[in-house]
Amino acid sequence: MTFRDRLIATIRAARPVLESPGVLVVGSEVPNLLEKDAAATLVVSQDLDVGVSVDCHATLRERLGDLREFEPSGDEPSVWTPRSAGLLELNFVGMDPAQDPAEAYVLEDDLLPLLVFGTLSLVSRGAEVEIGGTRLALPRPAGLLLEKLVTDRTGEKGERDLLVALGVLAMSLPGDLDELESLYRRLRGELRHAVRSNLTILSLLAPRSGMPDPQPRRAEVTALLRRLEAGDPEIA
Amino acid sequence: MTAVQERRLRELRSRMLVRAFDYRQRRHARGVWFRLRRVLAFASEAYALPRSEAERLIAEGHQPEPVGRELEPARIILYVPRECVAGIASARPLAVRLSAEILSAEFLALVPFDVDAGPLR
Numbered sequence: 001m002t003f004r005d006r007l008i009a010t011i012r013a014a015r016p017v018l019e020s021p022g023v024l025v026v027g028s029e030v031p032n033l034l035e036k037d038a039a040a041t042l043v044v045s046q047d048l049d050v051g052v053s054v055d056c057h058a059t060l061r062e063r064l065g066d067l068r069e070f071e072p073s074g075d076e077p078s079v080w081t082p083r084s085a086g087l088l089e090l091n092f093v094g095m096d097p098a099q100d101p102a103e104a105y106v107l108e109d110d111l112l113p114l115l116v117f118g119t120l121s122l123v124s125r126g127a128e129v130e131i132g133g134t135r136l137a138l139p140r141p142a143g144l145l146l147e148k149l150v151t152d153r154t155g156e157k158g159e160r161d162l163l164v165a166l167g168v169l170a171m172s173l174p175g176d177l178d179e180l181e182s183l184y185r186r187l188r189g190e191l192r193h194a195v196r197s198n199l200t201i202l203s204l205l206a207p208r209s210g211m212p213d214p215q216p217r218r219a220e221v222t223a224l225l226r227r228l229e230a231g232d233p234e235i236a
Numbered sequence: 001m002t003a004v005q006e007r008r009l010r011e012l013r014s015r016m017l018v019r020a021f022d023y024r025q026r027r028h029a030r031g032v033w034f035r036l037r038r039v040l041a042f043a044s045e046a047y048a049l050p051r052s053e054a055e056r057l058i059a060e061g062h063q064p065e066p067v068g069r070e071l072e073p074a075r076i077i078l079y080v081p082r083e084c085v086a087g088i089a090s091a092r093p094l095a096v097r098l099s100a101e102i103l104s105a106e107f108l109a110l111v112p113f114d115v116d117a118g119p120l121r
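Top to bottom, those sequences are chains F and V. Read left to right, the first sequence gives residues 1 to 236 (our numbering). Read left to right, the second sequence gives residues 1 to 121 (our numbering).
Just so you know, these hints were derived from the structure itself, not from any lab. Among the hints, a few may not be true.
To be verified - Covered stretches of chain F, as calculated for chain V (at least 3 residues, CB under 8 angstroms):
| # | region |
| --- | --- |
| 1 | 72-79 |
| 2 | 137-147 |
| 3 | 193-203 |
| 4 | 210-222 |
Computed from a prediction, not measured in an experiment: that's the story for all the values here. Each residue gets a CB set at the ideal place from its N, CA and C atoms; glycine is no exception.
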């Protein structure tokens, strides 16, 4: 069974929650789903991140009973583990558009408590796609790319996450980059610095198996860095 | 809140504190790695040079990047047009990434993606 098969089967099995209002697929599987026919050529993690708007948590909660092929993990109830090996974990995360991007909090709930990550406040609802008979919403590329670039990245996982950002950048259209720049300009200095810092790391990463090769795209990464630097008061 | 969530939240907040500290210190020693990465990010090609060639390029008016002097031992990092490097037979090409080769090169020539597009100062 290929990774794509597992991803599609997971989406099919998670339909009750993925079609719930205020729910987006976020995280590293998004570039996989944006590929032609959801080709899913990037294997970054073995889970599907499900972003839940905190305003819609109650509605989603009512649908959890229909999620028959998963069960909450004993030590981390926002992670629902599959009952069969052919599926990926579901990792529920909270999204609060009013939150500071550098903050996080826990939305307490006895059934589905959520870690609400401030960086996800940059993500907003984008295109809907139908995959595995499930109509699911994806984030707008600009917000997702900025979320990937503003998040503190460390170690092997951090570098792979940055290569996911490269995958999103590769699929972005000029309008997406305009939107990204506009979102970037609204960030405070520390977060803008984090974005630029991550772009320099991305530009200098070595190729990795199964991930987009950063070397041929270095010029694009640098062009984005230059664009964000231009007019930034931090760049004297 | 579960123990796992509490730990994740604590770790995330710790990382944010470190990042805020790094940001406040960015114009000092703490920011050297960022400045070095930034200089490398604007380069499409990198070459290790012999000392004599680096000194010749400086004598011709090429200014060393300030970040090179912040490293110990100091490095000479020069942005030069591609045609300049092409004329140096002893220039050794290096992949532009954070590697031992790049970091150990005492004299480094960088070719910007665009002739007029070195890093903004």
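The hints, checked one at a time:
Note: the region 72-79 of chain F has 4 residues with beta-carbon separation from chain V under 8 angstroms; the three-residue rule is met and the coverage holds. Check result for the region 137-147 of chain F against chain V: violated, 0 residues qualifying (beta carbon to beta carbon below 8 angstroms, three or more required). Using a Cβ-Cβ cut-off of 8 angstroms, 8 residues of the region 193-203 of chain F lie near chain V, which meets the minimum of three, so the contact claim holds. Here the region 210-222 of chain F counts 5 residues with a CB under 8 angstroms from a CB of chain V, which clears the bar of 3, and the coverage holds.
Hint 2 from the earlier list is the only one contradicted by this structure; the remaining hints agree with it.
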